[in-house]
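Numbering (our numbering), first residue to last: 3 to 315.
Because the hints were derived from the structure by calculation, they are not lab data. Bear in mind that the values here come from a model prediction, so they are computed numbers and not experimental data. Please note that a few of the clues may not be correct.
To be verified - Straight-line distance between alpha carbons at most 27 Å, and here's what the computed DSSO-like set of lysine-lysine pairs gives: (1) Lys38 - Lys75; (2) Lys202 - Lys119; (3) Lys202 - Lys38; (4) Lys38 - Lys112; (5) Lys38 - Lys89; (6) Lys60 - Lys89; (7) Lys258 - Lys222; (8) Lys9 - Lys258; (9) Lys222 - Lys9; (10) Lys202 - Lys227; (11) Lys222 - Lys202; (12) Lys75 - Lys89; (13) Lys227 - Lys258; (14) Lys9 - Lys112; (15) Lys112 - Lys169; (16) Lys89 - Lys112; (17) Lys50 - Lys112; (18) Lys202 - Lys9; (19) Lys227 - Lys249; (20) Lys60 - Lys112; (21) Lys38 - Lys169; (22) Lys249 - Lys222; (23) Lys242 - Lys258; (24) Lys242 - Lys227; (25) Lys169 - Lys202; (26) Lys50 - Lys89; (27) Lys9 - Lys38; (28) Lys50 - Lys60.
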Amino acid sequence: MAIRQIKNQIATLRIIVEQSIGWNSSLYINFIDYEKAFDSVDRTTLWKLLRHYSVPQKIVNIIQNSYDGLHCKIVHGGQLTKSFEVKTGVRQGRLLSPFLFLLVIDWILKTSTSEEKHGIQWTSSMQLDDLDFADDLALLSQTQQQMQQNTISVAAASAAIVLNIHKGKNAGEDEQCSSSLSSTCTNSTTIDGEDLEDVKTFTYLGSIIDEQGGSDVDVKARMGKARTAYLQLRNIWNSKQLSTNIKVRIFNTNVKTVLLLYDTLQKIGAKVITTFHHSLNNRSSNRSFISLSKKLSMNWYVPNFSIHLCLTT
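All chains should be modelled from the sequences, with the hints used to inform the complete structure.
And the structure:
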């Protein structure tokens, strides 16, 4: 179910970008990233939100008691530290934690978007203010002024729950800060006087979203990652002891899944499809995967068509 929701979320965002280009309509997207989101939620406010959403007081008390007096220890330098009390955040890994955090996000978005309309026109009578999946938020607006106001509202509502929006521009390879993607070049969106980074592409839920909304950039990135995954298993492909069936299963689980992450590439151009097949099958291209027959240590005269049937069945 979660994978299907991720696929729909990414597809919806891509369609919004493509439709905005097709209708020559301006579009501003602000990708919000929270600093240590699950560990920063103010618990006192969280208990009040549960009552706000009509959760019975008895249930609230049970949840609160499970959090009160929570102590932790950490390992630092090979040594276990003294026990200390944790007074903020929800306990990651527990079944209830995602539900509690989603209540917080739902309250933030409802509070920040309830007064005025700052989103994009979704239907003749409705506007779409944001796309959100857990703590991955994408605010939508048609003007920079609307995006600025929407961002300020979200930041203010988040601060009430002690959630801070990550505004830094020096995010690491596996860390992303809040960034803004727009169809036109205008003034940057700011939070507390600090400009958010304007970007041409952004990785949202594992897929690359660019200004055109297509899948070309994402496909090329996936192909590169899949090629890396394949090269890391070179010893397996060259092994004479492993059967072809085992190699096929390893290829499907370790390489194919990297290439088709979440299977979110619903709309792929013919040019990209041609490039994809070329990279899988072409023996002479220096930039391509090695041919399927060679990577599975099969005889050279076995056609790739037969191997494709083996991989897809």
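Results for each hint:
| no. | hint | in the structure |
| --- | --- | --- |
| 1 | Lys38 - Lys75 | holds (18 Å) |
| 2 | Lys202 - Lys119 | holds (26 Å) |
| 3 | Lys202 - Lys38 | holds (25 Å) |
| 4 | Lys38 - Lys112 | holds (22 Å) |
| 5 | Lys38 - Lys89 | holds (14 Å) |
| 6 | Lys60 - Lys89 | holds (21 Å) |
| 7 | Lys258 - Lys222 | holds (14 Å) |
| 8 | Lys9 - Lys258 | holds (17 Å) |
| 9 | Lys222 - Lys9 | holds (18 Å) |
| 10 | Lys202 - Lys227 | holds (21 Å) |
| 11 | Lys222 - Lys202 | holds (16 Å) |
| 12 | Lys75 - Lys89 | holds (14 Å) |
| 13 | Lys227 - Lys258 | holds (10 Å) |
| 14 | Lys9 - Lys112 | holds (24 Å) |
| 15 | Lys112 - Lys169 | holds (22 Å) |
| 16 | Lys89 - Lys112 | holds (26 Å) |
| 17 | Lys50 - Lys112 | holds (16 Å) |
| 18 | Lys202 - Lys9 | holds (22 Å) |
| 19 | Lys227 - Lys249 | holds (19 Å) |
| 20 | Lys60 - Lys112 | holds (26 Å) |
| 21 | Lys38 - Lys169 | holds (13 Å) |
| 22 | Lys249 - Lys222 | holds (24 Å) |
| 23 | Lys242 - Lys258 | holds (22 Å) |
| 24 | Lys242 - Lys227 | holds (26 Å) |
| 25 | Lys169 - Lys202 | holds (17 Å) |
| 26 | Lys50 - Lys89 | holds (16 Å) |
| 27 | Lys9 - Lys38 | holds (25 Å) |
| 28 | Lys50 - Lys60 | holds (13 Å) |
The structure shown violates none of the earlier numbered hints.
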